[in-house]
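*Asks:* Sequence:
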Amino acid sequence: MPPLYTKRCPHCFLPKKQAEFDAHVIQCEQRRRSYSVITQRHTSVSNSQSSIDDYMDTTEYDYGGPEQPYVGEEVRNNGNQDNEEAVIHEEIMDEDVDSATPTAVEQEDNDDDYNTDNNYETDEEENNDDDQEESFETEQHTLEMPPCTTVPIDYIEYGQAPLDTHEEISFEIYSWIPEHNVSRAGHEDLIKLLNKRIKSEEGFGKVPLYSPKKCESRLDKMFNLEETKYRMCPDGCRLFPENSKAPCSCGKPQFKNRKPIKTMSYFPLTKQLSAFVADNNTRNLLLETHEPSEEGALEDIFDGKVFRDRKQELFPNNLDIPVSLFIDGFSAFKGSNSSKMTILHIVVLGLPAQERYKKEHMLQVAIIPGNHNGDLYTFLRPLLNELRTLEAAGMRVTCPDGIFSFNVHLMLTSGDIIGVQEICHHTGHTSQYGCRQCQIETIPHVSPSGNGTGHYYSGSAAMSSPREINEFTDGNKGFGIKKATDFASLQSFHGYTFFGLDELHLIGANCSRKIWLMISGEYKKVNCTIELPKQVCLSIGGAIIESGPMIPSSIFEGSFRDIARKTGLLRSVDWIIFIQFILPTLVFEQLIKKYGSNAPQVEAIMAFMIGCSTALKWKITQQDIAKIKSNFHIWHMHMRKNVSPNMYVLNFHLLRHIHETVEALGPLRAYSTRSAERAIGFFKRHVKSRVLPGANAGNIIKRQLLTRNFERVYKSEEVTEEQPEGDTYTIMDYPGIELWEARDSVIGNGDECFDIESYLRNYWNNQFDQNDNHVMSSTLSKHIKIGRRLFVNGVVYTCEQYPSASKKLDTLLRFVLPTSIRGVTGTYFGKVIMYFSHIFEGEEHPLCLVKLYGGVTCDEYGTSSRKKKGTPHVYRRPDGATPANKTIVVHVENIKGYSGMLKSSAHTNRFYLIYPDMCPGEVVETDIAKV
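Residue numbers 1 to 931, in UniProt numbering, belong to the letters of the sequence shown in order.
Just so you know, these hints were derived from the structure itself, not from any lab. The C-beta atom is built at its ideal place from N, Cα and C for all residues, glycine as well. Treat each hint with caution, since some may be false.
[Said to hold, decoys possible] Here are the simulated lysine-lysine pairs, DSSO-like style, with alpha carbons at most 27 Å apart:
#, residue 1, residue 2
1, 196, 214
2, 311, 617
3, 782, 619
4, 206, 192
5, 851, 808
[Said to hold, decoys possible] Using C-beta positions, here's what the derived DEER-type ranges look like:
#, residue 1, residue 2, range
6, 474, 521, 41 to 49 Å
7, 149, 565, 53 to 61 Å
8, 690, 565, 27 to 35 Å
9, 767, 732, 12 to 20 Å
10, 149, 460, 40 to 48 Å
11, 176, 566, 45 to 53 Å
12, 405, 451, 43 to 51 Å
13, 186, 878, 43 to 51 Å
14, 354, 734, 18 to 26 Å
15, 554, 23, 55 to 63 Å
Please model the complete structure; the sequences and the hints are all you need to start from.
*Replies:* Here's what the structure looks like:
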């Protein structure tokens, strides 16, 4: 198919075919002149009126739903800025960004996440709000036409057009600015400084860079996002239908001086997906077919029963796209009710797991301003209308590569507990039937503080009956589902599993935090069975801080913080760090010290930890599912029999639903809200308008979508964060392995601080039958290739011979190595001395010299005679050495990843060996002499 463009119009910046270009330029010039006359008429009314070239869609309001011609809308508004809602982009974005805010957006967490632990205390039973919901249903706000579900949505996407150098640099700077927390004023000053030099230097061609405002205008014309402004109640009750002019049921009017009082920006999902499919690289990613690495293993949502059962029905075409929706509330400013918002965040599940959560693939269709304290579904209506058309009729995208037709199905809608109970019309966790997944009946009990009564979930040994799909399609008031959910009208709806189960809020923000509060003695009036003295808790926090230099920060998603002194500052990802690494090491040893290794509470808390750690894996086997179920049952029975009933909150009950959710949808990480929380973190750092935070957030969404489109089209090549400073050496048959800053060397010339020849000879000898001694008698090649660093599948490893500038321990790795017992492997830990390659019998292999730790062992615990193993630990002398170290050569394919160390707070010179996805009991001690 021939390209759909050749040049861009110098006036409107749109790409046009060569045959149409000249006529379009003349027509565009005439249109500019007519607009100039109109604009001049309004100059006397408002001196702040901008020229047509500098307009940006986000400064205008398209109140009727469908898009209106931009300039006509501006003329109708007559440049009137009396309405405080019509704040232009510059006024909102000029405020400085706090440079002290954290830069690790991927670890950002919503400080205002709803914590269900704090809402169980009620003096009275929850008020029934059915009547209020019915009043919204019966209002006369039904003027909108139903969406067309028979005709596909058509888009034409023009391909990549060449940019002049000054344009490309301008857009790159515009894209770079928000990622580095540079303010609008700083951006403008930078451009002025650069333009001053550009205009004075011959080498730059004297073509100035674009101002921020002009970048926005040009990008908006290149990537028309079809932003739509919807009117909403000033108090946030509802979104108004397209043709409605009546006031809200709360009495607040829609208009003031003929202008809408409050609006919400909506960026159509169809337009965003159109840009995805038109891009060749992204489209190829969508076409990739997922195959699990192991039969029966669950590694993505595609491996779950729901997707497998519906694949032929919903996704017959390889390009058909599954998506998920996350609805999560947050406040842009702490303690500010006026800055409350709700994000509508889309994840394209059709992308590979390693791609779908990258920032360039994140989609936001809207941020709902205000508290939406009425009917959330009115705000969701534009998206639901799109989804109904996309699943029934689909969409068709014409681009330079061809015409592509596909359907889109929403497979999951999730969020925090409060957000999900709102979208499924559940009476809530403080009601009689407070679980949205089963019909367990809660038990009223006095709260832990003694103030009021809460509802708790101790249940029975067996699980309660799961909710049927008809409870959500028809409603079931008798069991807490007030009415049918609108999502049940979608073809892809599959019952309670449609609302997922979020590990970040469930395990991180709620369960892990609750466990620490029980351990640290927060609940004085109840029996928690696992309480530790305050001084012990403080010593645990101190040990975490002392361990900081021994923990490579790049390999863990959260932070290791002083949990005793900084409890209130921990984010959800930090609480997950606690449950995975602090609880089975520093807390575990103190519980053994107080209660004994055979105490039931020690076994129960470790069962809780093992269940959580297994559920947090990306790859879950059938054995893992059984492990999750059995370990959470142990924790449930301990809680039910030994702990006060008012400790058994909803989140502990939801743990018992994890195994069935994983079977239905795949691993929890595949549909986690982590990407939505990263997006929320970005918006919280960039929303600066306290007067109109909602309008500010809409402008930020638009800026993000424009820059992502630009980066996807013009900057598609991904750059690794770390780059080699010298030559890179790749070995044949090992394409995913590279030696960085590689150089040739000869064994014995003094380059190595060890007698590498003897270690190398032992390595090659071990590759053959024990009775074959020809390696020991043969002559080894003296030539090796030494690398300062090793690059393996996206991970860069350093070594002791060429240390990095980091002050962290970054040479300790975990290995899985064969032992002298045939067919048996063991897990070992050690520091890498150097990386190199060597040729033996005509074949070259990447190797490393390693000093393995000896004396690695695990504590035992359990109530039965068959004891269970804890986390591996090792004793280190003050000089850092461990007993019985062993230096050997190993193949780099035996490397499993980085490791870190946690200093014990109960045993002198003991250090726990930790690593991502760690789970107690999986490392069995193996005699180092057998390696």
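*Asks:* Next step is simple, just say for each hint if it's right about the structure.
*Replies:* These are the hints, each one checked on the structure:
no. : hint                  : verdict
1   : 196 / 214             : 17 Å, holds
2   : 311 / 617             : 24 Å, holds
3   : 782 / 619             : 42 Å, violated
4   : 206 / 192             : 13 Å, holds
5   : 851 / 808             : 18 Å, holds
6   : 474 / 521: 41 to 49 Å : 47 Å, holds
7   : 149 / 565: 53 to 61 Å : 57 Å, holds
8   : 690 / 565: 27 to 35 Å : 32 Å, holds
9   : 767 / 732: 12 to 20 Å : 18 Å, holds
10  : 149 / 460: 40 to 48 Å : 45 Å, holds
11  : 176 / 566: 45 to 53 Å : 33 Å, violated
12  : 405 / 451: 43 to 51 Å : 60 Å, violated
13  : 186 / 878: 43 to 51 Å : 49 Å, holds
14  : 354 / 734: 18 to 26 Å : 20 Å, holds
15  : 554 / 23: 55 to 63 Å  : 56 Å, holds
The structure shown violates the earlier hints numbered 3, 11, 12.
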